[in-house]
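J.: Use these hints to put chains B, C and D onto chain A, whose structure you have.
Number of protein chains: 4
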Amino acid sequence: MMVDLQGSPDDRKIAIDQVGVTDLKYPIVILDRLHEKQQTVASLTMSVNLPHHFKGTHMSRFIEVLSEHRGEVTMRTLPTVLKQLKAVLEAESARIEVRFPYFLERVAPVSGATAPMDYDCWFIGEVNGGSDDFLLGVRVPVTSLCPCSKAISDYGAHNQRGLVTIEVRGEREAEGHPALIWIEELVAVAETSGSAPVYPLLKRADERHVTMQAYDNPVFVEDMVRNVASKLQSDDRIAWFRVEAVNQESIHNHSAFARIEWKRPSV
Amino acid sequence: MMVDLQGSPDDRKIAIDQVGVTDLKYPIVILDRLHEKQQTVASLTMSVNLPHHFKGTHMSRFIEVLSEHRGEVTMRTLPTVLKQLKAVLEAESARIEVRFPYFLERVAPVSGATAPMDYDCWFIGEVNGGSDDFLLGVRVPVTSLCPCSKAISDYGAHNQRGLVTIEVRGEREAEGHPALIWIEELVAVAETSGSAPVYPLLKRADERHVTMQAYDNPVFVEDMVRNVASKLQSDDRIAWFRVEAVNQESIHNHSAFARIEWKRPSV
Amino acid sequence: MMVDLQGSPDDRKIAIDQVGVTDLKYPIVILDRLHEKQQTVASLTMSVNLPHHFKGTHMSRFIEVLSEHRGEVTMRTLPTVLKQLKAVLEAESARIEVRFPYFLERVAPVSGATAPMDYDCWFIGEVNGGSDDFLLGVRVPVTSLCPCSKAISDYGAHNQRGLVTIEVRGEREAEGHPALIWIEELVAVAETSGSAPVYPLLKRADERHVTMQAYDNPVFVEDMVRNVASKLQSDDRIAWFRVEAVNQESIHNHSAFARIEWKRPSV
Amino acid sequence: MMVDLQGSPDDRKIAIDQVGVTDLKYPIVILDRLHEKQQTVASLTMSVNLPHHFKGTHMSRFIEVLSEHRGEVTMRTLPTVLKQLKAVLEAESARIEVRFPYFLERVAPVSGATAPMDYDCWFIGEVNGGSDDFLLGVRVPVTSLCPCSKAISDYGAHNQRGLVTIEVRGEREAEGHPALIWIEELVAVAETSGSAPVYPLLKRADERHVTMQAYDNPVFVEDMVRNVASKLQSDDRIAWFRVEAVNQESIHNHSAFARIEWKRPSV
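Residue numbers (numbering that gives the first Met the number 0), protein chains in the order written: chain A, 0 to 266; chain B, 0 to 266; chain C, 0 to 266; chain D, 0 to 266.
Next up, chain A with everything else stripped away, as it sits in the complex (with noise of 0.2 Å):
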């Protein structure tokens, strides 16, 4: 018989906090809100905690448990991957990051052209003891036009691609679940924020309609992320969330950035 090192004692007394695998690519279905399967492709990170007395964990462990799931990685199905995670791993804690590209079929606002859209999205999944915790991200590319530039020009205004970056954690239910809240409300919410939105097809018509409510609606990164605080603050679902707004300058090298994280105060 092979002997297990892995399993056997260690006396350093240090306990470890994450241990397990990253980078490792996985082919994952994703329910979306039409209650349609999306299968994509994730970059996952999965881990325990190990104790002060083990020497190591059993990496292949990790492997095992995902292919008996590989069917679906979502909101639902992620609390039972990861108390399977913490038996067969023998731990206090897992934690699980699923991260994919997801995409929307998207509408030209004119012309009313359909094409899919891609946004990247993740998860954080994590149980510790009794407790646990999920965590939603989406990255929204939106169209960012400056206030400043627009003000003091005679014409015109430096426009340019920003990346709205929302992360929420729900109230929790009656029955302890959290909220749930959708991918596609978050894009709504960022989309919503910026100037104008971004689309994957644009005719002339759809062109015109774009550039002229991005002069229309200018928006600081700063505004960007109040306009985005704001929605959330009003949605009683959201218990915590952290946005991000990053603007590619077109006139810099450089990017502007805001970031704004919020904890819904207790009653």
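One or more hints might be untrue.
Put simply, identical chains are the same to the list, so a pair is met inside one copy or across any two.
What the hints assert, rightly or not - Below, simulated DSSO-like cross-link-like pairs (lysine-lysine); rule was C-alpha separation at most 27 Å, straight line: (1) Lys202 <-> Lys262; (2) Lys36 <-> Lys24; (3) Lys82 <-> Lys12; (4) Lys82 <-> Lys230; (5) Lys24 <-> Lys262.
Derived from the structure by calculation, the hints contain no laboratory data.
T.: Chains B, C and D alone, transformed into the frame defined by chain A:
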């Protein structure tokens, strides 16, 4: 006179934690342990907070403040830069993140052949009202050889490049400054925690030496973070650290990792 | 009616080789060797030439053509997509580059445990007047163990993850189509050219097996590209190839590489 | 004495085009046009060919040769480094690729405020038997404003950061050296081919200036590459160029691009 939109009031009553510039490339000078100056190229993020009643920040002032100090960005000059940012931008807090490659001349273990090797490093400095913070980070490549693979095989053992990332905060000294910790010291801590150091230039006698050194000294990612943790805990100057080790597994297409965060208990 | 600037004449007398869209993310379906469809996510570059007398291209048409075919982007459908691009954009040449992760179910060598593993792949299709071109590329991670390190050391040998990149063009068959070469075949060529294959899931018996397999089979980067070259030269379907091997050296912070480009001599 | 495996014979009869080191970080000194030295950090690829009868290359010699010349890697010193690589590695051809950020002090158009701005640059030098080659590349960020968006909208126009990449080879002068072309000259060619230059530091009067400059000067990606091509074709020192422009479209999540490659016709 041109309108100052950024300076106009805002009534959404939402303060912003950080607003500023990011992905800014800048030539900087770092002091190394031998008290010589090292010229390198940094990527910077600079930000301040924005009280809820101000609409925007004057982004160009970040660059202006940086330009005044361009000769030097070090643990000793950062407090001055941060104070100036607070003053010039009328803010309560300011934060600077500086990431740069840093070179150390390395000597091969047998032949004595020397060449410079690069280490990714970063400083994060922050002032917030009367308090301040300083964090130093270093990423160090090492060789890691798998103890399990060695133990269960008749010969050989898989090994790979591992990356050990250490971030530290220093204990406060009598006059309130954080204790000075050198990049060179953290590199040494990381390199003695893997199976063997990594070198820029090895002749055949050196390659023989490091091959056998690694085989004689197998470590899991778990061992690497514990080895680092143990050394830092016994160094009285360290108030807090976070250490992460990532093995770019030579037998897998994903990586293994481990992570420990620690704060010195108050006496 | 809105002005069509792109369609207006240009008098600089400078033709453009390629004009189009790049960094376009799109969900695609690939046919795999077992004749099943694999859904994945691609990054696309699509372009046409632009004669000197035209001012601009209608970029939205690239997305429209792609959307018509979104069900499938394969070696067999690419010619149709390219022909349509030429027609719709009134161009003489058209080119598509499709990059995507592709998953293969891999079986561990001793335990038989299975899990999917990802391979970066790409197609480049081009039509130019009456002629056409098709290139298939695959990047395959392998284990490489250094022959020099093994030969000069009393025990052990440094090894690391190596990346073998193969690009091929097929010989023309009777009816003019390039010979069909499967991703699965190029993966096999690469994996049998390193010291040992890389797997997504290995149990301890498997780890023992691949550790000793790699030690028994040391290769330089030079050997890896020659091994691949030798196999491809003896495969009559191959008209041209380029192979590159990169070793992420476990004893250095830089990589070693080798590269061969070859064209079958005409008879 | 240790065995020299790399120097042993190989009987597969397959020559290798390039073998060497890549992703090597190294501090370098560049000569700028004002004849001052600029210290920066390079990423290098260095290689030689390998005749079919040799088994391997002595990789450490690349680092040794580089170390001898570390004070300077320029168009004028590269030929010497390449000759030395050929000699030390007993090869017929040698090739060096050096990529580095290069800083130029930029002056804001109205306020005169100055700050350094970074440009990604590269040299590729090659000797092959008696012939040699030298290529200079520069990537320059610019503002590009869409002519179509301006023409079809009642007000405003979408604009964005564009990246103009220029690579050139110089004509041979009387004594056989390629004509000297400065990074500063290619930066100027790129910046005058977009809608407006991009600056590191702009005060409000400057922002007003570049906003209107861009609006007055709309360009498609097609125009940008043609503008660059036209300037380079009329410069007798240029023997060959490749120019690419990529617009990070502010209304899309993908980019638009155009590309021209050109060789001066022999007289």
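J.: State for each hint whether it applies.
T.: Results for each hint:
no. : hint              : verdict
1   : Lys202 <-> Lys262 : neither (42 Å within a copy, 36 Å between copies)
2   : Lys36 <-> Lys24   : both (19 Å within a copy, 19 Å between copies)
3   : Lys82 <-> Lys12   : within (26 Å within a copy, 41 Å between copies)
4   : Lys82 <-> Lys230  : neither (34 Å within a copy, 34 Å between copies)
5   : Lys24 <-> Lys262  : neither (33 Å within a copy, 34 Å between copies)
Figure legend: structure checked against the earlier numbered hints; hints not met, in rising order: 1, 4 and 5.
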